[in-house]
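Student: Residue strings, one per chain:
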Amino acid sequence: MSNATLVSTTVNGDPVQFACPTDESLMTALRNRVGLTGVKEGCGTGDCGACTVTVDGSLVCSCLVLGVEAEGREVTTVEGLSQDGELHVLQQKFIDHAALQCGICTPGFLVAAKTLLDRNPNPNETEIRYALAGNLCRCTGYDKIVRAVQDAAKDMRKASKKRR
Amino acid sequence: MRYATPASAKEAAGMLSKEKGAAFLLAGGTDLLVKLKMGMVEPDLVVDIKRIPKIDQIQTSAKGFTIGAAVSGSVIGQHKGLKAAWPGVVEAANLIGSDQIQGRATLAGNLCNASPAADSVPAMIAAGAKAVIVGPQKKRTVPVEKVVQGPGKTCLARGEVIEAITLPKPEAKTGDAYLRFIPRTEMDIAVVGVAISLKLERGVVKKAKVALGAVAPTAVVVPAAARALVGSKLDDAALEKLAAACSAACNPIDDKRGTVEYRTRVAGVLAKRAAKIAFQRAGGAL
Amino acid sequence: MGHEQKYVDKKYEVVGTRFNRPDGIDKVTGKARYGADASAPGQLVGRVLRSPHAHASIVKINTSKAEKLPGVKAIITSADLPDVTGGDQGLADILENCMARGRALYDGHAVAAVAAVDEQTAAQALKLIDVKYKKLPHVTDVDEAMCESAPVIHDRIITRGVEPKPTKPSNVAARTQMGHGDIEAGFAEADVVIEKSYKTEQTHQGYIEPHACLASVNPDGTAELWVTTQGHFVFRNVCASLLGLDIAKLKVTSSEIGGGFGGKTHVWVEPVALALSRKANRPVKLVMGRDEVFRATGPTSSTSIDVKMGAKKDGTITAAVAEMRYQGGAFPGNWAMLGCMTAFACYDIKNNQSIGWDVVVNRPKVAAYRAPSAPMAAFAVESTIDELAKEIGIAPIDMRLKNVAREGTLAPYGPTYGPIGIEHTLKAVKDHPHMRAKLKKNQGRGVACGFWFNIGGQTCTDLNISVDGTVNLTLGTVDVGGSRSSMAMIAAEELGIPYEQVRANIADTTSLGHNDMTEGSRGTFSSGMATIFAARDAISVLKQRAAKMWGITEEDVIWENGQALATGDSHSNLPPLSLKEIAAKSGRTGGPIAGHNEVVADGAGMGFASHICDVEVDPETGRSTIVRYTVVQDAGKAINPDYVEGQFQGGATQGIGWALNEEYIYGDDGCLQNAGFLDYRIPVCSDLPFIDTQILEVPNPLHPYGVRGVGETSIVPPLAAVGNAIANATGVRMTHAPMSPPRVLAGIDTLEHAS
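Residue numbers (my numbering), protein chains in the order written: chain A, 761 to 924; chain B, 427 to 712; chain C, 748 to 1502.
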């Protein structure tokens, strides 16, 4: 490995260390060094969103981030969505609405949808569609994906009202 | 490949100027990492500016805005002051790619990548943006329209780094807008981009600046198009002259994203539409 | 055991409801493992070197520098893949497509491959392989390839189906003709004749998961292959043939598949990975990059089609002729023949003729793409029908209803139709609320029909009942879109137990007999049938065991609602035995309880659909926006309606992308210019509205539940539905797909200048 660098980072709330070449993407580092294969390489050039993660809360394509950039930052992937064996409401709605067929794009969509709903709990259909435009799906035609996100948003708004 | 995280723009500039091999700056990485993946570049050194304090912040003052070189599109899109002052610049920046790209892409990066089709460049030009350039010895400020010299080429000398993009405080009754043509609704490189900034006086256009993207090797400023609007309230004749001037200024290529004729034609169409939006934003009545 | 395939009308408890799929949790948590998600100890990274030229002699390949690079463990060329196909031209073509033999036939054609310890070393090794090419003249356009002056790609191709047989080789592999009636007489009867030519550009299936595999060959001739595929049994057979391995010694496990649509029914890098592993004596992981997927897998044909149709004033079509030219890439295929079979299939036209030309060009070897060859033919025919309707002054739907094919109609490609659903879908479209939605300025509405045969094929299924009464259903057809849940539902339905008690999984090739691929919309149809029969098999065993437990004869036992019941007055005191109870005692009544079925499922039942599309066209830029879209399709019987709707919506979306923006763009140098998702533009989420669906059920008489294949038909109508909508919005008849903004604007200009 040329120029291997030790990276100390946080992934899904856990402290993680890995060594990777300086020119390796975060996507590859997560898959091959940290062993989290929920992140998928659909294109490697930021055009499909299958590798979507968040870094310090920002939605990014992990294929366009260097592994070494994760130093000291917080990375979340699809594996961090469910807590203690309980699916996040978005994950459950994707299953309930048959919003996945082959499922390869699903991890990316879930991270993108969660990030959308975290900043905008009540998006309209257009806002959802544009927020998810960076995630390509070839199987579903997006119909059931949008419905799943709308339904999850509704449940999440109800739950947060209850908490107040 | 070596990776460095300097603590200041001056330190970054020093690293670049001392490097004997191929050195590249890294801000959002949405261009650099694509080139890396496709084998188009083989950097010896990558200088990541994102750890420089305050370089990811937008400062507002009486004079205007200073946008740090590492400020991402999504941060720009959420800045209320910037959106109110220069909605055209903000919408142009926010059109660059998906939400994922917006989480990383920067104005400085978009500018320095120097693609003829860069979305933010025509809008920055129309708004009178400037680039604050830091070298190992000195600092200089250059209008954005002078930065790009050709596809992939900028006026930056070896060792120079853009530290920030500045935008002036808009004069009263100013409005700007950016429109681009793409075949889908998102995710495409601009086939044509048009940015227009207008200042009105008593409901009539007093000053105008028109810049086109993706229709020439670099963004094109079209003074004739601006002159077509000055003194008008955007009547049909003025808009036709605007469209004609824009089409005449086009010098595009035929490529997989558009033909010469198509780009030339649509530049005129978008110019009329962008002018109307800018006019209304400036307080004009159509 | 023989079982009746005939459809039996009955009420269902589980089938037809909506259940969550069993693999859902793994897919939403990132646990599911796809082609690139497996690793083996000591694995090497495989990478392929590809030709940068459209057509070139490979003069010399010098691998010596690359071999010396530390960390390189194997380098292969065609020399490491000797032709052991024994004269089978089809297999030989596959072999040559996987690795060039002396000549690069398209931009991206594999010429060598390396296996190295890591990605960087493999990439560096590729750069060190020195290939000397001698460029040859190339041809990439289907019409140009048919000209006398075109460079001939294969000396061995002499056109089949032409009399007298040609004396010289050409790029025309075959001519096909089908149809019936008297064409001349038919046109003589016509009051109106429309004649038009159409072109469609090449598209790719566009699955988000690139091809990937992990190959491991042992010195004793055993081997393992983990691969993303639509058919692991077929891959096993092909790879074994190409590498000279015994079939049973090659264990192929299908990973979860991240989309296929026909493109993963062929091998591309898998034989290469196996050959690398064989040479390096270590596992090799080979993952294709996105640009490689576009350049060097199996896109669909580009076509050039002429259609001539004549009709009487009352709308009856009296004659229809289509002449269609399809390119199959660098190797001959049957694509034009398939187009001929589907072109007029929706209609009862007394005098019809389809002529197909299969042509080779310097492009990647064409593979199936969801109803292969049908969308292009439908674009041409359905557009022409609308033109005819306009000329006559009859509504497009009524024109189609007037000529619709029914049970008893002689299909253009030979058979007589049984009960089919095309008329039902047209009537449903006519009554659909979409037809009454108000159209705004610059908007237009189009209707189009589509057809696909659907296939059956070899299927093998095991059903095993555990001692706690839960059931393992072992399938051999790859699950591309959720069929696992449908199979579990069918097993639950047959056995009379809750859906949650059945667990369906896809087995590797050592665990089941041969299963054909998941293609031709056969997954639910065939595996469903085998599941039904395997369950009925298991039920006979359950009844036997119950009889034993009661000490009565088998003839007095029936199975109902998940229980064995003893019939007859003398047994009225015997309480029913549930499946759970019987299973619990199985160890003492004869051992594990199982059912099994092998079937060549026949009679998949044709799938017909009608679509409605509303489009808005920006008259100043030619850009089209889909405003409203409805799919009405006959599914025979929808086992899980959620997943049937999903197939309708997914296929329609691919068709819409094909209609509007997707195309392979070649330069004058014959090289592909848009080998990525940036410039190969598939629809994104914001491009589309919700897609309305209506499932019709005209039972397929050759399936116990009436199931018809559904996966493919939905990609067939959209090209024409969009084209007809654009015509109604702008007055412009588009004849070149995709109908991208510059083409539409040019059409609008031409119309303006003409008026």
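Treat the hints with care, since some could be wrong.
[Claimed, not checked] Among the chain C residues that face chain A by a calculated CB cut under 8 Å, a handful are:
{"no.": "1", "residue": "Y759"}
{"no.": "2", "residue": "G763"}
{"no.": "3", "residue": "N767"}
{"no.": "4", "residue": "K774"}
{"no.": "5", "residue": "A779"}
{"no.": "6", "residue": "Y781"}
{"no.": "7", "residue": "A783"}
{"no.": "8", "residue": "Y1246"}
{"no.": "9", "residue": "I1305"}
{"no.": "10", "residue": "W1306"}
{"no.": "11", "residue": "G1393"}
{"no.": "12", "residue": "Q1396"}
{"no.": "13", "residue": "T1400"}
{"no.": "14", "residue": "C1418"}
{"no.": "15", "residue": "G1423"}
{"no.": "16", "residue": "Q1441"}
[To be verified] Coverage of chain C stretches by chain A, computed from C-beta distances (three or more under 8 Å per stretch; other residues unrestricted):
{"no.": "17", "segment": "992-1005"}
{"no.": "18", "segment": "1430-1439"}
[To be verified] In silico DSSO-like pairs for lysine-lysine, Cα to Cα no more than 30 Å straight-line:
{"no.": "19", "chain 1": "B", "residue 1": "K698", "chain 2": "B", "residue 2": "K632"}
{"no.": "20", "chain 1": "B", "residue 1": "K579", "chain 2": "B", "residue 2": "K444"}
{"no.": "21", "chain 1": "C", "residue 1": "K1055", "chain 2": "C", "residue 2": "K1149"}
{"no.": "22", "chain 1": "B", "residue 1": "K463", "chain 2": "C", "residue 2": "K874"}
{"no.": "23", "chain 1": "C", "residue 1": "K946", "chain 2": "B", "residue 2": "K682"}
{"no.": "24", "chain 1": "C", "residue 1": "K1026", "chain 2": "B", "residue 2": "K463"}
{"no.": "25", "chain 1": "B", "residue 1": "K461", "chain 2": "C", "residue 2": "K1149"}
{"no.": "26", "chain 1": "C", "residue 1": "K1149", "chain 2": "B", "residue 2": "K446"}
Hints in this document: simulated from the structure, not taken from any laboratory.
C-beta atoms are modelled at their ideal positions from N, C-alpha and C, and glycine is treated no differently.
Student: Compare the structure with each hint and give your call.
Tutor: Consistency of the hints with the structure:
{"no.": "1", "hint": "Y759", "verdict": "violated, 19 Å"}
{"no.": "2", "hint": "G763", "verdict": "violated, 15 Å"}
{"no.": "3", "hint": "N767", "verdict": "holds, 5 Å"}
{"no.": "4", "hint": "K774", "verdict": "holds, 3 Å"}
{"no.": "5", "hint": "A779", "verdict": "holds, 6 Å"}
{"no.": "6", "hint": "Y781", "verdict": "holds, 6 Å"}
{"no.": "7", "hint": "A783", "verdict": "holds, 7 Å"}
{"no.": "8", "hint": "Y1246", "verdict": "violated, 14 Å"}
{"no.": "9", "hint": "I1305", "verdict": "violated, 36 Å"}
{"no.": "10", "hint": "W1306", "verdict": "violated, 31 Å"}
{"no.": "11", "hint": "G1393", "verdict": "holds, 5 Å"}
{"no.": "12", "hint": "Q1396", "verdict": "holds, 4 Å"}
{"no.": "13", "hint": "T1400", "verdict": "holds, 3 Å"}
{"no.": "14", "hint": "C1418", "verdict": "violated, 18 Å"}
{"no.": "15", "hint": "G1423", "verdict": "holds, 6 Å"}
{"no.": "16", "hint": "Q1441", "verdict": "violated, 14 Å"}
{"no.": "17", "hint": "992-1005", "verdict": "holds (count 3)"}
{"no.": "18", "hint": "1430-1439", "verdict": "holds (count 7)"}
{"no.": "19", "hint": "B:K698 to B:K632", "verdict": "holds, 17 Å"}
{"no.": "20", "hint": "B:K579 to B:K444", "verdict": "holds, 20 Å"}
{"no.": "21", "hint": "C:K1055 to C:K1149", "verdict": "holds, 18 Å"}
{"no.": "22", "hint": "B:K463 to C:K874", "verdict": "holds, 15 Å"}
{"no.": "23", "hint": "C:K946 to B:K682", "verdict": "holds, 18 Å"}
{"no.": "24", "hint": "C:K1026 to B:K463", "verdict": "holds, 28 Å"}
{"no.": "25", "hint": "B:K461 to C:K1149", "verdict": "violated, 57 Å"}
{"no.": "26", "hint": "C:K1149 to B:K446", "verdict": "violated, 78 Å"}
Comparing the model with each numbered hint stated earlier shows that hints 1, 2, 8, 9, 10, 14, 16, 25 and 26 do not hold.
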